[in-house]
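Asker: Here is how the chains run, residue by residue.
There are 2 protein chains.
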Amino acid sequence: MRPGLLGTEIVRVENALGRVIAEGIESTLDVPCFVRPWVDGYSTKAEWTRRASATRPVTLRLAGRLFPEDYPKSTKLGNGEAFYVACGAPLPDGADCVIKAEDARMVGSRVQILKGAKPGQGLSRAGEDIRRGSLALKKGQVIRAQDLGLILALGKREVSVIRKPKLAILSVGDEIVDLDHFDPHRIVNNYAYVISAAASEAGAIPILLGIAPDDPESIAAKLTEGLHLADAVATIGGCSVGAKDFVPDAIAKLGEVIAHGVRIKPGHVAGVGVAGGKPIFMLPGHISSCMMAFYVFVAPTLARLAGVTPGKMLPSIGAKSSVTIEKATTYTFLRLSLKERSGGLLAEPVHGGTNILSSLSRANGFALVPPRRSIRKGQQISVTLFGRLEHASFN
Amino acid sequence: MRPGLLGTEIVRVENALGRVIAEGIESTLDVPCFVRPWVDGYSTKAEWTRRASATRPVTLRLAGRLFPEDYPKSTKLGNGEAFYVACGAPLPDGADCVIKAEDARMVGSRVQILKGAKPGQGLSRAGEDIRRGSLALKKGQVIRAQDLGLILALGKREVSVIRKPKLAILSVGDEIVDLDHFDPHRIVNNYAYVISAAASEAGAIPILLGIAPDDPESIAAKLTEGLHLADAVATIGGCSVGAKDFVPDAIAKLGEVIAHGVRIKPGHVAGVGVAGGKPIFMLPGHISSCMMAFYVFVAPTLARLAGVTPGKMLPSIGAKSSVTIEKATTYTFLRLSLKERSGGLLAEPVHGGTNILSSLSRANGFALVPPRRSIRKGQQISVTLFGRLEHASFN
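Chains as they are written, first to last, in this note's numbering: chain V, 3 to 397; chain U, 3 to 397.
Just so you know, these hints were derived from the structure itself, not from any lab. Heads up, a few of these hints could be off.
Put simply, identical chains are the same to the list, so a pair is met inside one copy or across any two.
Said to hold, decoys possible - Distance condition first, Cα-Cα at most 27 angstroms in a straight line; then the derived DSSO-like pairs of lysine-lysine:
| hint | residue 1 | residue 2 |
| --- | --- | --- |
| 1 | Lys322 | Lys341 |
| 2 | Lys102 | Lys75 |
| 3 | Lys117 | Lys267 |
| 4 | Lys140 | Lys341 |
| 5 | Lys102 | Lys246 |
| 6 | Lys140 | Lys117 |
Sequences are here, hints too, so could you generate the full structure?
Answerer: Structure, rendered in structure tokens:
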């Protein structure tokens, strides 16, 4: 099973922040579309001002004032004249430079130029910002504030973006109660909200399917709903080797279990299946294992669906390991807390059982350490952050 | 003028992603609230299993099966017995450990323990995750996915957060046309959308006030509207030294211009005023200058209003300068493009006039270099990213 790109949709440019561009955007015009002053000042012919200085100013007759809204007014520069032009105004015929207002002085109806100018000075060439026919923004680019402005500068009101991937999330277990039935002696369905928020942070739309009891038929019914509503499904719990772990059976009813059991700690009971051409991820019921499986399997899949290079979906940052990590026989999902120190960030492993949610609240991201690889104290490692908000929680 | 903290509001926990916690959250309960198996397996008394091994298993009678939903069922462990317990199930009286299912084997109604256990093994202590009375989350913390789960684990459905700051944005200039009247010969109001999106990325709510003509009365009327609707106002354009730069005059009508002209390049015509106790920021009309003033003056103010340390509102990242930057007499707002290279990120200055929007599309963030400070090629510098989406655009 190979998730392909999702389809595209058209959105208003002002609503496109964070969306992924579906088709490269070529400019159909030059920006600016004509030679344009980019400072406020005096437009004239540069050669007349060549010898000007503060002590020996060159005096020109002020022939008029031009503002951007005067376009397309056509004016002609007479001999020994200058026009005041505001930034963006039309340039008089014959003028070839703009001298900044600070480098000139008005004396009655004349202007003294205090500094010699060169041809082209103070002017934007047509197409200097964006040339007609050039690729202004690339396919696959995530639209940022400045890109949004660029698209608007091309006169576009809408942009074709890749549809956001939808992830359906199902909690499994007789013991789990929904938020409205909170009971400290039961297990509240909070992990679904953690995965839901993490999916939003990774650019997806989460859909909460609620809770299925430990029964293959009920789980299969919910999975069917999820496959109908979403591009991928993630189950939480019910995939261990206990007496009531029925998620793999439920997947087998609808499609195929591709892998169950991975060489990663924590989270070795994670797995993945497929039904109706869509992936179903089995996330373990312990929170650290659950997050491991989300970040190692689900998030990269969501990125691919969204047309984004998986490594670019979430921020990653370089940091020095605060301790030596001994080599292991499996992959290790290292939960890391980042601390700002002079000389850079320090990555400190967070301890606590895999079921300790507060340990993840102390962490900012992770590294996936391959088998038989050790990390020296002080070694520079790349830490993938859990989300786009983590930088605010570095210590 | 010193912007204070904004007020607070109550939001549902599931809608609190990215919000700032207004009051530290103390736990009113132990999580878990009782001693709880955290693996699926066999609960018994550890001392009976002490000598167990795969070759010499210890055989116990299986007295029953317990699941989390059986709570608060009370069961008693008899001599030589074990109970199957699922993760989270109530523990039988007298049991002091749980042996993982993998380390045991069922033989008829008996269970063979293949590995000796220690007291406490496989069990979570009450309060092991969060202790009653402890501070689960701090005031000022930005709520991430895992924090959201933690708040729900405490049985809370709502959380008190600091209100998002509102920034009203006003474009100024006779030459500017709104998006619906795009004309390549005019200047479209796209910078307002850049600042609007940048404000969203910095955690604020942008309010677009539209366009004011170059007339102090009209500008003042729009500013009054902005001051009524928002916590701060940003104007774009109309603050230079040209013939029609009336924003400072308009501010002076309503309150006071505190500073106009800053020692930063680009953007030296930026300024700040205050009216009705609220800040008004004058952003220059050239896009690089405008973004300088937004990131150097507006974004830190929005952070303070939101109760977040200014340096934490936007991500910053360490990178090596690709070139030597000579010292200058003013502060320099250095637009930087980040490139991923082996050995870390490379920060490359982006060139182009201050009015070249596409140059900002090539950049990812900035450094503010103090006067008389030079940067050596290869020197490690801290780059503040323009937003939370920039990591996807590193080259």
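Asker: Does each hint hold? Answer for all of them.
Answerer: Hint-by-hint comparison with the structure:
Proximity of lysine 322 and lysine 341 under a CA criterion of 27 angstroms is satisfied in both settings, with 10 angstroms inside one chain copy and 20 angstroms between copies. Taking CA atoms no more than 27 angstroms apart as the test, lysine 102 paired with lysine 75 passes inside one copy only; the shortest distance there is 22 angstroms, against 85 angstroms between copies. Taking CA atoms no more than 27 angstroms apart as the test, lysine 117 paired with lysine 267 passes between copies only; the shortest distance there is 21 angstroms, against 70 angstroms inside one copy. Proximity of lysine 140 to lysine 341 under the C-alpha cut-off of 27 angstroms is restricted to the inter-copy arrangement: shortest distance 17 angstroms between copies versus 35 angstroms within a copy.
Proximity of lysine 102 and lysine 246 under a CA criterion of 27 angstroms is satisfied inter-copy only: 15 angstroms between copies versus 78 angstroms inside one chain copy. In this assembly of identical chains, the alpha carbons of lysine 140 and lysine 117 never lie at most 27 angstroms apart, being 42 angstroms within a copy and 59 angstroms across copies at closest.
Hint 6 alone, counting from the list given before, is not met by this structure.
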